[in-house]
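So the protein sequences, as listed, match chains A and B. Here the first sequence is numbered in this note's numbering, starting from 1 and rising by one per residue. Here the second sequence is numbered in this note's numbering, starting from 1 and rising by one per residue.
In case anyone wonders, no lab produced these hints; they're calculated from the structure. Among the clues, some could well be false.
To be verified - What follows is a set of in silico ranges between Cβ atoms, one per label pair, in the way DEER data are often shown: (1) A:K190 x B:G302: 14 to 22 Å; (2) B:A89 x A:E195: 52 to 60 Å; (3) B:R216 x A:D31: 37 to 45 Å; (4) A:K190 x B:G115: 52 to 60 Å; (5) A:E282 x B:R378: 47 to 55 Å; (6) A:Q198 x B:D348: 40 to 48 Å; (7) A:A344 x B:R43: 40 to 48 Å; (8) A:E133 x B:E114: 53 to 61 Å.
Said to hold, decoys possible - Below, simulated EDC-like cross-link-like pairs (lysine to aspartate or glutamate); rule was C-alpha separation at most 16 Å, straight line: (9) B:K303 x A:E195; (10) A:K303 x B:D328; (11) A:K283 x B:D328; (12) A:K237 x A:E195; (13) B:K190 x A:D328.
All C-beta atoms, glycine included, are put in the ideal place defined by N, C-alpha and C.
Number of protein chains: 2
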Amino acid sequence: MSLATIEAPSRLTTVTSLEALETPCLVLDVDRMDRNFTRLRSRLDGMGVSLRPHLKTTKSIEVARRIMNTPEGPATVSTLKEAEQFAAAGVRDMIYAVGIAPAKLARVAELRAEGVDLVVILDTVEQATAVAEASRDAGMRIPAMIEIDCDGHRSGVMPANRAQLLEIGQLLTAGADLRGVLTHAGDSYKGGGVEAQQRYAEAERLAVVEAARILREAGLPCPLVSVGSTPTAHHAKDLAGVTEVRAGVFIFFDLVMAGIGICEVDDVALSVLATVIGHQREKGWIITDGGWMSLSRDRGTGKQAVDQGYGLVCDIDGTAYRDIIVTDANQEHGIIAVRPGTDARLPDLAVGDRVRILPNHACATAAQHAVYHVVRRRSHVVEACWPRFGGW
Amino acid sequence: MSLATIEAPSRLTTVTSLEALETPCLVLDVDRMDRNFTRLRSRLDGMGVSLRPHLKTTKSIEVARRIMNTPEGPATVSTLKEAEQFAAAGVRDMIYAVGIAPAKLARVAELRAEGVDLVVILDTVEQATAVAEASRDAGMRIPAMIEIDCDGHRSGVMPANRAQLLEIGQLLTAGADLRGVLTHAGDSYKGGGVEAQQRYAEAERLAVVEAARILREAGLPCPLVSVGSTPTAHHAKDLAGVTEVRAGVFIFFDLVMAGIGICEVDDVALSVLATVIGHQREKGWIITDGGWMSLSRDRGTGKQAVDQGYGLVCDIDGTAYRDIIVTDANQEHGIIAVRPGTDARLPDLAVGDRVRILPNHACATAAQHAVYHVVRRRSHVVEACWPRFGGW
């Protein structure tokens with residue numbers, strides 16, 4: 001399949017190889033990405049549940065088109081900027097999966113007036129009241145889902161809090177559009193193995209199925225019953241009662257996901273290309289131009305069994321060196337060294353040589369960059385430049 | 001003084017107050033910024049040393065113009081993207097203060113051909129050879145400074161390594177342009193009090209003065225003798241032999257700098273404006289739309305005496321609540337709570353209310369945003385929108 005270049009930044013128009021790119025920059029192995037996508041899509045197809053990919057990881061129209069069921073969605077977004085950008089690219093079915101701030105409802109109504117079925121989420125009576133008011137002001141019923149708390153991780157109504165659930169549900173039904181319930185097993189990122197993930201997944205399912213039952217028994221509608229996190233999406237054994245699964249980081253994977261066994265290191269599709277700019281040989285350091293500005297400040301593996309520092313170092317082909325990591329980073333400097341406590345040997349890299357660094361957290365690392373440089377597995381040919389956006 | 005709006009993003013053209021901004025977004029208190037600038041500038045003026053501000057913190061032309069000696073510089077940059085952006089705005093005297101990768105010398109030569117005195121730095125014979133080769137290819141002498149290691153923190157030649165210093169110096173003098181020596185006391189960020197900072201500053205000074213002596217005694221030129229870090233710039237007692245001081249984060253300051261006593265919390269000029277989107281009252285949590293995407297993943301105070309979480313929370317006026325911090329953050333969610341171990345009380349904030357969050361690390365937080373929303377101290381009026389850029 002050929003990979004269309006949407007919009008190559010002017011500096012990149014003649015670039016054809018990893019050797020010729022300006023560093024640091026972001027490299028996307030589209031073969032790994034496609035394999036990650038097929039893995040989850042096949043799993044969910046087999047369970048009869050729809051995938052609503054979370055586009056906050058990629059913030060890229062080209063990637064979104066490869067991972068949505070149709071060019072119109074469904075999809076999940078984390079900002080109204082994403083909603084607007086994907087709407088402009090033709091996506092019509094989106095959940096904005098961060099609790100709505102009342103002041104944002106005007107932008108939501110604008111997008112809906114343009115024909116985009118954008119759904120908000122909320123977990124308070126105040127927000128439900130604001131959605132009803134905004135619906136009245138805009139002359140439309142703005143759809144909202146009730147966020148359910150399945151693990152005490154962050155936001156959401158506990159399913160046991162029947163009174164709050166029903167009050168919100170009734171406010172939305174009367175003055176807006178109650179679209180369903182949604183939860184996210186944030187605790188699943190802590191890992192714990194297959195059985196723990198199966199428990200997280202089942203807790204996620206039970207929380208929304210119970211909330212949906214309460215709403216429906218009270219005569220309220222609940223068409224969407226939405227769960228999702230990358231770890232639970234890969235381990236749920238039963239999705240009875242669930243209508244859709246959301247997941248984001250599954251498409252690229254990263255060292256945090258590898259660290260909790262959701263993928264292998266070899267599945268990580270994203271890397272930062274960096275150039276060696278010096279050595280401190282007495283200390284066993286190789287210095288590169290890949291600092292935290294390009295890798296992000298994310299140290300998500302710091303609490304895991306294997307601390308990957310600021311990232312795991314690969315050769316330019318994308319093959320990981322054994323136990324060679326970015327042990328420290330400044331804004332535009334990365335320090336590569338042997339992982340403490342191992343007997344690995346530092347690769348023989350000269351000034352000007354290039355490495356690829358696998359990220360702790362794909363969402364955070366990708367966010368530091370404006371373009372994906374797209375390659376095939378083990379190839380050095382940059383087949384496309386896919387822009388990505390940030391902001392709110 | 002009026003603050004010109006250079007280029008307001010379309011969404012902001014009618015915005016006039018903090019209450020009306022889309023959140024999360026970046027707020028810059030220009031009164032605090034001006035005070036921070038005056039403090040360091042006056043100090044260095046008193047010592048007879050030039051300030052070469054590091055523009056990597058701000059990446060903003062409007063801020064740069066307020067902190068450089070002249071519209072043409074001098075300035076320091078951390079990427080060639082910065083060099084190109086500031087050159088386009090008229091800056092003519094810049095040091096690119098990250099060890100040069102040979103492949104980047106073509107872009108350096110391009111800028112120099114346009115009349116920009118862009119100086120590179122290096123610490124290896126390989127790089128000096130590459131600069132000499134690039135100079136020959138471009139038909140110009142590309143100036144380079146030798147990076148000196150004053151504290152084992154990162155890069156640089158140890159002043160004691162006289163042979164390497166002279167070999168690099170001779171290569172540059174023969175085939176390029178030896179512009180001087182430069183060091184950075186990275187260890188000063190560890191803090192340790194006034195006396196420790198004075199020692200870091202003196203070590204920084206001694207390292208470059210000694211390197212300059214070695215070069216000059218061998219008959220080599222060494223016009224620039226450059227030191228700099230925000231902590232040492234504020235504590236150096238003696239800068240004899242030094243021609244200029246570089247500093248970056250001093251202009252905004254941040255919680256890391258406050259944590260090591262270089263500034264007060266009240267000096268921090270940068271904050272992230274966020275909106276309350278929910279509560280988990282049983283847990284003592286306020287949920288906002290200010291997650292790590294807007295705050296950055298930087299946890300620089302995590303190792304300090306006072307851990308500020310993902311940031312210290314202020315009211316919309318910019319006055320800090322006592323011991324109220326962002327205890328945890330997801331991509332687009334921040335969790336505000338009382339600092340563990342204190343008796344502070346959570347402020348009474350409703351859904352839709354706004355807070356300002358002071359950052360751990362100004363460089364990292366600013367990098368998550370495309371615009372500074374400029375206010376005066378304690379004012380809610382947004383007087384200007386100053387764009388900032390990222391990338392390489």
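Whether the CB-CB distance between E133 of chain A and E114 of chain B falls inside 53 to 61 Å: Cβ of E133 of chain A to Cβ of E114 of chain B: about 56 Å, so the range 53 to 61 Å holds.
Range agreement (Cβ of D348 of chain B with Cβ of Q198 of chain A, hint 40 to 48 Å): holds, 41 Å
Agreement of K283 of chain A and D328 of chain B with the hint, judged by alpha carbon distance not exceeding 16 Å: violated, 35 Å
Outcome for the supplied range 37 to 45 Å, where the beta carbon pair is R216 of chain B and D31 of chain A: violated, 56 Å
Straight-line alpha-carbon gap K237 of chain A to E195 of chain A, limit 16 Å: Given that 16 Å is the threshold and the Cα spacing comes to 10 Å, the pair holds.
Supplied distance hint 40 to 48 Å, evaluated on CB atoms of A344 of chain A and R43 of chain B: holds, 46 Å
Distance restraint between K303 of chain B and E195 of chain A, which requires alpha-carbon spacing of 16 Å or less: Since the Cα atoms of K303 of chain B and E195 of chain A sit roughly 34 Å apart, the hinted pair is violated (cutoff 16 Å).
K190 of chain A versus G115 of chain B beta-carbon gap, inside 52 to 60 Å or not: At 56 Å between Cβs, range holds.
16 Å Cα cutoff - pair K190 of chain B, D328 of chain A: Holds: K190 of chain B and D328 of chain A sit about 14 Å apart, inside 16 Å.
Hint check for R378 of chain B and E282 of chain A - Cβ pair distance inside 47 to 55 Å: holds, 52 Å
Range hint compliance [Cβ, K190 of chain A to G302 of chain B, 14 to 22 Å]: holds, 19 Å
Status of the given 52 to 60 Å range, CB of E195 of chain A versus CB of A89 of chain B: holds, 59 Å
Violation of the numbered hints given earlier is confined to hints 3, 9, 11; the remaining hints are satisfied by the structure.
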